[in-house]
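Protein chains: 2
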Amino acid sequence: MDKTEPLGDHGDGESQGRVGGRMTDTIDHAASATETDAAATVASWLASFEEALTAKDLDAAGDLFQTSCFWRDLLSFTWNLKTVEGPEGVKDMLASTLDHVQPAGFGASEEPTEAGGVTEAWITFETSLGRGLGHLRLKDGKCWTLLTTLTELKGHEEPRRDQRPKGAEHGADKERRTWLEKRRQEDEELGHTTQPYVVVVGGGQGGIALGARLRQLGVPTIIVERNPRAGDSWRNRYKSLCLHDPVWYDHLPYIPFPENWPVFSPKDKIGDWLEMYTKVMELNYWGSTECRSARYDEAADEWIVVVERDGSEITLRPKQLVLATGMSGRPNLPTFEGMEEFAGDQHHSAHHPGPDPYRGKKAVVIGSNNSAHDICAALWENDVEVTMVQRTSTHIVRSSSLMDIGLGALYSEEAVESGITTQKADLIFASLPYRIMHEFQIPLYDAMRDRDAEFYERLERAGFMLDFGEDGSGLFMKYLRRGSGYYIDVGASELVADGSVKLISGVDVDRITERSVLLSDGTELEADLIVYATGYAGMNGWAAELISDEVAAKVGKIWGLGSDTIKDPGPWEGEQRNMWKPTQQEALWFHGGNLHQSRHYSLFLALQLKARLEGIPTPVYGLQEVHHLS
Amino acid sequence: MDKTEPLGDHGDGESQGRVGGRMTDTIDHAASATETDAAATVASWLASFEEALTAKDLDAAGDLFQTSCFWRDLLSFTWNLKTVEGPEGVKDMLASTLDHVQPAGFGASEEPTEAGGVTEAWITFETSLGRGLGHLRLKDGKCWTLLTTLTELKGHEEPRRDQRPKGAEHGADKERRTWLEKRRQEDEELGHTTQPYVVVVGGGQGGIALGARLRQLGVPTIIVERNPRAGDSWRNRYKSLCLHDPVWYDHLPYIPFPENWPVFSPKDKIGDWLEMYTKVMELNYWGSTECRSARYDEAADEWIVVVERDGSEITLRPKQLVLATGMSGRPNLPTFEGMEEFAGDQHHSAHHPGPDPYRGKKAVVIGSNNSAHDICAALWENDVEVTMVQRTSTHIVRSSSLMDIGLGALYSEEAVESGITTQKADLIFASLPYRIMHEFQIPLYDAMRDRDAEFYERLERAGFMLDFGEDGSGLFMKYLRRGSGYYIDVGASELVADGSVKLISGVDVDRITERSVLLSDGTELEADLIVYATGYAGMNGWAAELISDEVAAKVGKIWGLGSDTIKDPGPWEGEQRNMWKPTQQEALWFHGGNLHQSRHYSLFLALQLKARLEGIPTPVYGLQEVHHLS
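Residue numbers (numbering that gives the first Met the number 0), protein chains in the order written: chain A, 0 to 629; chain B, 0 to 629.
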């Protein structure tokens, strides 16, 4: 949940600042000669592209692409999240989709720009079913990267701006019901006498953002959450927790955080925001409700979802089921010999109450990623004698360096001031092909390593085992590939470096005794408290637990790109496995990730669900194959 | 509360659309020749103005103004809300203020524009204490209207954008307290072991908007509200109530409504928004708390405010007291002979529960303004036989005409799309001198009268007594002058016109009997329900009730401009009497009005309170005199 996605460079190896700068040139300045050239280049390419597509001339279309090229489509052509590569990939995708997609009306939506041999443009287009927004990069007049996204379905646009609801219904009407009466009626009927089209299991940021989109699209939805109140999944965490991602990265759809919102939101404050958001966005949010089981009824084409709400069992029959149970939802509690003998407190980091009860005592924290560091620091601040046990190497990056070098160009106050809206930032980010993303990340992390060389040296001197990812591509690639293995330093590393937090590294736990942790090197650590900061189980486990092992196996591994690095086995998938897109199990969807992903991908998942509700044909191109369970 | 302020034209008699259009020209297009001229004219005027001010040459300054001119200052020169008129007014104000204000740095903040002989510019400037934003209109090279506003105090800027709080405090700190711990501590201490600097009585939209500003400025504040939850003052109204003002007019500071928010917000929905706003803005909001009395302790320079909170009495000692009790806070219940004999239900419109209990019964509604119409329509919709008793004439304007002709240029989706932010709209509106505002309103209402001639004819044929204000200036002037006397038609007028709602007009109530209302013309109306939609008492009464008759008399009439029209006796004040500015009673302030006013003026009231908290000298120029009690 407190995962972070730093953003890398995404052009031809130059700094991100340039890309941000180029985009806003079109806002701040009159068109220059270069921009006029860029406009002509883009207009010419788009005209040829549309001509080839209209003529269904696949060879002509393929010829418009570089040999090394990437077309990422979010729904508009494929009803999938899909990246195709090379002219052959482009042609294969078009062959399967052109007949029904009928793309047309391609044009630049603002002045294209050119720098460093790359011409960039924001584009709009239409398909037979909807309207699209995209981003194009040309090199030598041919397409290097293309992003196409579906933004709305024709005839099913969201009621906003000049289409917003009127609220008051003017005139006189003997059948009038007030807003409150309608809300109450919905609350009484939905899930009881009427059935939701979608049930979302998990009411964290993911379920809430998706719920808001679905409400706006008129898709009847119930969100099921085991905690009483929206926001509790944050409130229940250790008390010192603040978001590790900055505010510009964290906006929810529809209601952005105000300008006075803290950079790193304290957990209870973000909890209050989520609760408020859930209420004003009018979500059907069932708190204190546990999902017991879900089974797909093939005959009826619907799910049978059994939930326990405030102690009584209710069976829901939605057509679609979304698991938004979270990457950090299922604690990975290790089993060490002797655990049952331990006389002190022991718990997974997910259940750590904070340091207050342990003042003056001895604590051992097993693990060395985000939660381990945050918890060690908070314990130390409360005069607990604390030892961190590091079993494998960890990637550390300082928050300030990550903000300056990794995120600043897209998600910062400066980005906002230079005209990079959240939507633009999300789409620029989405336009960077996963296949080559690490190439642009490596120089950034090299730069951070240089900048913080003295810091890293001190950490290593204290015995800390550092890494920067298998290929040196750093934090964000670790997040996308495996979702773990890092700490964004907000202060704890100094405590490790100076010995305030004791560190034992390169060891494993041998066994737990009544009063201590015995390590593989023979060390015995006395302990009143053991915190297992050992991460979270993959989301596939949720499918097994809530539905069945059979369905879990059918769906396969969730998350990861197939990069063939640690915890992200190949083959290459090119998108995050099973996330926000059709799975091998009919009508089963997975939603989640950090606040950025919850915001961005909730639109595309909501549009997929809306299309199915309306009976719009949604032929999926390139449905993912299953290679692994976890 | 459900008052509306339509906006009039505000230039030289041309349509508003033109003003909006002109403003956005500077955003959309490159500078034209006219604009270059306008820029030179403005630059030259500002340079001469600054030179005269720096040299303290009052004659030179006065010479820069038209004979008929208006300079409206919101704090920056006067520590008051004050409009001075004519070169002599300008000179008098400058003579009293220049020495300490030290204005400097005047410049246009965006490209000035010219149309119809009027050159317009947005300007920025500084004073010794703060930064300012203003608006200038020149005719023939001389100032016709000038608005100067203080936007922030140097050294006390609000923590927002790049100055926003960090949230997480990085590093390790043994004294660390979390956000939640700090909030809880404040909640436990403030008002008990520590004293707020400000107590705001009344937690409606006014108190909430002001509380949010004060929180951001670091002014310790408690808001006292008799209802349990924020938003209840809306929730408790009659069930069919929706805001009569459109959403673009209604934003609160900091968190604007999202793009999907209804045009006319249902009362319970706005209630939820206010409740959530209060929470996420971290206000110290004491619900279920009644203010019993307030007395100014001259010796201690502080108020002694006695409140009853959840049944126990607490004495607060703030330095400043704000009454935000609302224009619609004190029901004006008439006393008719025989009222005590009435056997049915009778209540003021403020306490009307809605139509549900009265289906099939007979109702009489005394009054013919907003609440009377809304209640009559809702009763009719629920099959109540309802009669409206109109005692005096009423101004009716159709909602759609008001939106199109009255508000659209500044507060509409089109205005937003053409670059008129809420702040710009508020400042344009603030730049229009009250003295001549009616001149620009009259043609708008003439246009509405033309457009809806057939509608008005039908209403008059049904016996309805219409007016358009004493001078034909319509709804908004009525609002500013007297705060009553109108209905924004959202459907009830058709029911009156076609006889569905019975109308008896030009009569008064003679007496009430056990089962009926007897009118002055001898008519007897059988009644199971009587609703007294007879408006609200002036805010001065709140001062009398909560503080003392002596202080109420010292402060005098609240609201109104001194236009010497009905319910707004002269002499001319030029600003709303006693609202948002210093009063004759030390440390006593009045805040309120509709959502637009709560948003806009809360900034200026908050800055006045902040300056006093910080011990910044605040010499008031032109403190208002007292001429009337009510």
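Simulated from the structure, these hints should not be mistaken for laboratory data.
Check before you lean on any hint, since a few could be wrong.
[Said to hold, decoys possible] Simulated restraints on C-beta separations:
#	chain 1	residue 1	chain 2	residue 2	range
1	B	619	A	399	51 to 59 Å
2	B	460	A	99	57 to 65 Å
3	A	355	B	549	47 to 55 Å
4	B	278	A	106	51 to 59 Å
5	B	278	A	614	35 to 43 Å
6	B	53	A	165	21 to 29 Å
7	A	156	B	339	30 to 38 Å
8	B	399	A	156	47 to 55 Å
[To be verified] With a straight-line Cα cutoff of 20 Å, these simulated SDA-like cross-link-like pairs (lysine to any residue) come out:
#	chain 1	residue 1	chain 2	residue 2
9	A	173	B	173
10	A	165	B	175
11	A	501	B	173
12	B	173	A	217
13	A	360	B	257
Source: prediction; values computed, not measured.
Idealized CB from N, CA, C, for every residue including glycine.
Hint by hint, here is what the structure shows:
Checked against the hint of 51 to 59 Å, the pair residue 619 of chain B and residue 399 of chain A fails, with Cβ atoms roughly 46 Å apart. Range check, residue 460 of chain B to residue 99 of chain A: about 60 Å between beta-carbon atoms, so the 57 to 65 Å window is met. Separated by about 53 Å at the C-beta atoms, residue 355 of chain A and residue 549 of chain B satisfy the suggested range of 47 to 55 Å. Separated by about 44 Å at the C-beta atoms, residue 278 of chain B and residue 106 of chain A break the suggested range of 51 to 59 Å.
Range check, residue 278 of chain B to residue 614 of chain A: Cβ separation about 41 Å, and the 35 to 43 Å hint holds. Distance hint check for residue 53 of chain B and residue 165 of chain A: the Cβ-Cβ separation is about 53 Å, which falls outside the suggested range of 21 to 29 Å. One distance hint, 30 to 38 Å for the beta-carbon pair residue 156 of chain A and residue 339 of chain B, is violated here, with the actual separation near 58 Å. For residue 399 of chain B paired with residue 156 of chain A, a C-beta distance near 23 Å fails the hint of 47 to 55 Å.
Between residue 173 of chain A and residue 173 of chain B, the direct Cα distance comes to roughly 65 Å. Violation of the 20 Å bound is thereby established for this hinted pair. Restraint check: the Cα-Cα separation between residue 165 of chain A and residue 175 of chain B comes to about 48 Å, which exceeds 20 Å; the hinted pair is violated. Using a Cα cut-off of 20 Å, the hinted pair residue 501 of chain A and residue 173 of chain B holds, with the two alpha carbons roughly 17 Å apart. Note on residue 173 of chain B and residue 217 of chain A: the hinted pairing is violated, with a Cα-Cα distance of about 50 Å set against a maximum of 20 Å.
A distance of roughly 49 Å separates the Cα atoms of residue 360 of chain A and residue 257 of chain B; the hinted pair therefore is violated under the 20 Å criterion.
Checked against the numbered hints given earlier, the structure breaks hints 1, 4, 6, 7, 8, 9, 10, 12, 13 and satisfies all the rest.
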